[in-house]
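Q: Chain residues, written in single-letter form:
Number of protein chains: 2
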Amino acid sequence: MGKTMKFSRYAKRFDSGSGTVQLMEDLGAARRTRGPVYMLGGGNPAHIPEVQSIFQREMLRIASDSAAFGRMVGDYDVPQGNVEFTTALASLLNRKFGWPLGPENIAITNGSQSSFGLIFNSLAGEFDDGRFRRVLLPITPEYIGYSDVGIYDKPLFEGHRPTIAKLPGGFFKYHIDLDSLTIDDRYGAVCVSRPTNPTGNVVTDAELQELARRCREADVPLVIDGAYGLPFPGIIFTEAQPLWEPNIILCLSLSKLGLPGVRAGIIVARPEFIRLVRNANAINSLAPGRVGPELVAALLEDDSLLDLCNEIIRPYYKRKMEHVVDCVRSIMGDLPVWIHQPEGALFVWLWFENLPITSEQLYQKLKDRGVFILAGHHFYPGLDEDWPHKYQCIRVNYATDIAVVEQGLKIIADTVRESYRAT
Amino acid sequence: MGKTMKFSRYAKRFDSGSGTVQLMEDLGAARRTRGPVYMLGGGNPAHIPEVQSIFQREMLRIASDSAAFGRMVGDYDVPQGNVEFTTALASLLNRKFGWPLGPENIAITNGSQSSFGLIFNSLAGEFDDGRFRRVLLPITPEYIGYSDVGIYDKPLFEGHRPTIAKLPGGFFKYHIDLDSLTIDDRYGAVCVSRPTNPTGNVVTDAELQELARRCREADVPLVIDGAYGLPFPGIIFTEAQPLWEPNIILCLSLSKLGLPGVRAGIIVARPEFIRLVRNANAINSLAPGRVGPELVAALLEDDSLLDLCNEIIRPYYKRKMEHVVDCVRSIMGDLPVWIHQPEGALFVWLWFENLPITSEQLYQKLKDRGVFILAGHHFYPGLDEDWPHKYQCIRVNYATDIAVVEQGLKIIADTVRESYRAT
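Just so you know, the protein sequences line up as chains A and B, in that order. Add 226 to a position in the first sequence, counting from 1, and you land on the number used in this note's numbering. Add 226 to a position in the second sequence, counting from 1, and you land on the number used in this note's numbering.
Hints are not guaranteed to be accurate.
[As the list claims (entries may be wrong)] Computed spacing ranges between beta-carbons, pair by pair:
#  : chain 1 : residue 1 : chain 2 : residue 2 : range
1  : B       : Ala255    : A       : Arg283    : 31 to 39 Å
2  : A       : Gly395    : B       : Phe358    : 42 to 50 Å
3  : B       : Pro326    : A       : Asp379    : 32 to 40 Å
4  : B       : Leu286    : A       : Arg412    : 51 to 59 Å
5  : A       : Glu330    : B       : Leu286    : 33 to 41 Å
6  : B       : Phe358    : A       : Leu404    : 40 to 48 Å
7  : A       : Thr649    : B       : Thr230    : 56 to 64 Å
8  : B       : Arg357    : A       : Gln590    : 52 to 60 Å
9  : A       : Val630    : B       : Val630    : 54 to 62 Å
10 : B       : Phe358    : A       : Asn536    : 51 to 59 Å
[Unchecked claim] Residues from chain B that keep clear of chain A, each with C-beta distances beyond 10 Å, as calculated:
#  : residue
11 : Glu384
12 : Asp528
13 : Asn536
Hint data in this document are derived by calculation from the structure and do not stem from the laboratory. For glycine and all other residues, C-beta sits at the position ideal for the given N, C-alpha and C.
Between the sequences and the hints, there should be enough to build the whole structure, so can you do that?
A: This is the structure:
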C-alpha cells in the first residue's frame, strides 16, 4: 500500500491508545468475539419497549407524511439547530423551572461528545493574554470522554480528588472536597457531570450551589453535563434540583432517552456562547443532524417526553439498579467490595478495596472471559497523583438484560476472587 | 447577563464573519424575511419525489420493525461507522470499478464537512519536523467550506489559478494550469472537488490522472471530494470515470442523494487512514450517526441506489440544468454573461465580465430583494492574488422549483443590468 503516511501534529491526538477509542471499539466487540459476550462496558442505554414504541410511533407518523419526512431528512437544518426543537425546549425549561430562556439560549450539536470538545477548547487552553487555562474537574472520578478532547500537548484538565464517605450497608459516596478547592482565574471552566459518569454519584444541591457561587464570583463558567440527568432523561434517584444561570453551560443529550444512534447533543447557555456553537457547527459540519430533534420536538411541546422520563425511564433504571445491587450483595458477599451509592445514570461503580491487581489487569482478564466493563483508572482526567484507589474500581453498565448482568457479575466475582487469593 | 465571556485562541476561529456561517445562516433566512424569498444559495439538494418515496419506504419498513428500528436509533454505532454500510459499499466499489477494497477502507463521518476538517488538519498544518505544510487546491474556484477548517493562524490552503477557455455559445470552462503546477513535499495534501462546487466543472479524466500521477510521485495524498459525484449521487453530465488508488482519499456523502438532514459523510482510503478516522470519531463524537447508513445500506446491497442515481437523480438535475441555461440565455441575453460549462453538481456559475460592482455588493443587493445566491469571491481559498475575475462571478443553486429559479434569475438580471448602466 505504499509508504507510511505522514501525519501532522494535530493527528497525533488520534492514536489508538485513547480510553475513549477502547470504550467505543469494545461496543462493537460482540460481533468479533467467539463465545458468549457480557457487554457491561460502554454507555449504551437500554432498549425500553414502552419508550421505543413511542419513538417508533413518531417516526412512522413522520415517515408517512412526505412534507414532514422531507423536512427531517431532505433539508439542512440551520447551524444553531432545529428551530422547532430549540423553541419547544426553551419553553419547557421556562415552564418547569422558571429559567428565563428563549431559543437564542439553545443549540444542537452532533452529540454531547462534540459539545464537550467545543466547550472545553473554547473556554480553556491558550489565550491571547499568553496564559494556558485548564478545565477544573472538582470531583473525580469523572467522565472518560473528557480526557482526550484537548487539542494541546499540555493537559487540558485538572482533576480534584474527592473525599470518600463510607456508608452503612457497604455503600460509599464521593463528595467534593470543598475545603481544598480554589476556583479562580487559573481555570477557563469548571465541569461536573450530574449524575456522574462513571460513579452514579449525584453531586448534592448544596455542593452544586456552592460550586456555582464560587464560579460566579471567579467569573469562570460552570459546565454541567446532564447527559443522564435533568430535565431528561431524568435518570436520577435522589431529590436533586436542576440548575441554570447565565454563568452555567448545561449540556443535555437525546442519547440516554434511547436515541444514541441519532447523535444529538444540546447546549443551554447564554446567547453569546450559543452564537459560538452556531458558528462552530457551520464550520465543522454545516449543520447538526436533524433526525433526532424532529423526532422528539412534538414530545417536548406537550410534555409527554417528561412524563415518559418520570413514569417509564426513571422507574425502569431504578428497578435495574436495585437488582444489580442485590446481585452484587449475593454474588460478591465474600469480597471486600464497596458500591458507590447508586444515585443515578446506568452504572454501578464497584470499589474492590486493596485489589491486588490493577483495574486495567482486571479489565484484560475479564475481556478474555467475554465480560466487557470499563477499568476505573480511565476516569481521572487530570488527576496525576498516585492514589491506589484509582486502580481499584470498575464501571459496570446495568442497562442490558438482567441475565447478562447477573452472569457478568458472577464472572467478575470469580476473577476478582482469584486475584485476592493469588496474594 | 454578566460580563463578556473569555474565549480561547481556538474559539477565535468561530467568529461570525465566515463564509460558511453566512451560507448556512442564509438557508434559514426564508423564515425570517418578509416578502417572497428566492433561495438560490446554499447547497440544499432537491426533494425529488421518486427518490424521497424510496427513502420513505425504507424508513417505514425499518420503523415498523422493532429490532431494526432499535438498531438504527437505539445503539451507538462502532466509531468507524456502520458495518453493514461499509461492507456493502466496499463490495459495490469492487463490483463496479474493480477497486480492491474491504470494509477496512471505509469510514463514516457526520457529514463531508466533518471529513474535510479531519483530513486537512491531519495531513497538513504543523509537523514534528517543524514544517508547516499546506493543502494545495490545484484549481480554484473551489468549495467555500474548505476555507475555515484550518485550526492554525496561518492559512492552510494554497489555491491555484485556473486557465479559462471561452467556448462557443457563451460558455467557458476552467482548466487546471498544469504547466505552472508543481506538487512536492511543501504540500501535505492536494484536493479537488469533482464535480467542482461551485462551478459545476468536472475535472477531466486526463487532468485527474495527471494530478494522481504527480501526487503519487511526490508522495502527497490526493483528496477527491465526490460529494456530488461518483459513484453516488452521480450528478455528472459528462463521461467521467471515478478514480481510487492507495494514495487517494475519496470523500462521499449521502447529502446530495436527498439526505442532508442525516449528516453522513463517507471516507474511502487506505486502512492506515481509516483507523485515524475511527479514532477521531470516537474522540470527537463517540460514533458517527447511524440513521443515514442504516437507511441506505440495503439499497447499496442490491444496486438499487445506483439505479436511482442513473435513472432518476442524474436525469432530474440534467433537465433542471438545461432549463436554467435556457433561462439565463433568454433572461440575460443582453448582458455580458458567461456560463461555466455545466458538467455536474446542482449549480450554475455565472461570470459577469467586467461587472462594475463586486460579487459581495451584488450579493447584498440581491439579498435586499429576497434573492439568495453565493458571491463568487468566497470560493478562492488560498488564492490571495488580486484577480478581478474573483469578484465577477456568482453561484446559483438550481435544485429548487423552476418558477423560483426563473423569477430569481430575472431579479439577478435586473440588478446586474442596473449596475452596468450605472457606470
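Q: Now look at each hint and say whether the structure bears it out.
A: Results for each hint:
Restraint check, Ala255(B) to Arg283(A): a C-beta distance of roughly 33 Å satisfies the suggested window 31 to 39 Å. Hint check: Gly395(A) to Phe358(B), Cβ distance near 60 Å, so the stated range 42 to 50 Å is violated. Remark: the range hint 32 to 40 Å for Pro326(B) to Asp379(A) is upheld by a beta-carbon distance near 38 Å. Between Leu286(B) and Arg412(A) the C-beta distance comes to about 55 Å, which sits within the given range of 51 to 59 Å.
Glu330(A) and Leu286(B) have their C-beta atoms about 36 Å apart, which keeps the hinted 33 to 41 Å range intact. For Phe358(B) and Leu404(A), the hinted distance range of 40 to 48 Å is satisfied, since their beta carbons lie about 46 Å from each other. As the Cβ distance of Thr649(A) to Thr230(B) is approximately 57 Å, the hint placing it in 56 to 64 Å holds. The given range of 52 to 60 Å is broken by Arg357(B) and Gln590(A), whose C-beta atoms sit roughly 40 Å from each other.
A beta carbon spacing of about 55 Å between Val630(A) and Val630(B) agrees with the range 54 to 62 Å that was offered as a hint. Between Phe358(B) and Asn536(A) the beta carbon distance is about 55 Å. The supplied range of 51 to 59 Å therefore holds. Every CB of chain A is more than 10 Å from the CB of Glu384(B) (nearest about 16 Å), matching its label as outside the interface. Residue-level check passed: Asp528(B) sits 21 Å from the nearest beta carbon of chain A, beyond 10 Å.
Look at Asn536(B): its CB is around 20 Å from the nearest CB on chain A, clear of 10 Å, so calling it non-interface holds up.
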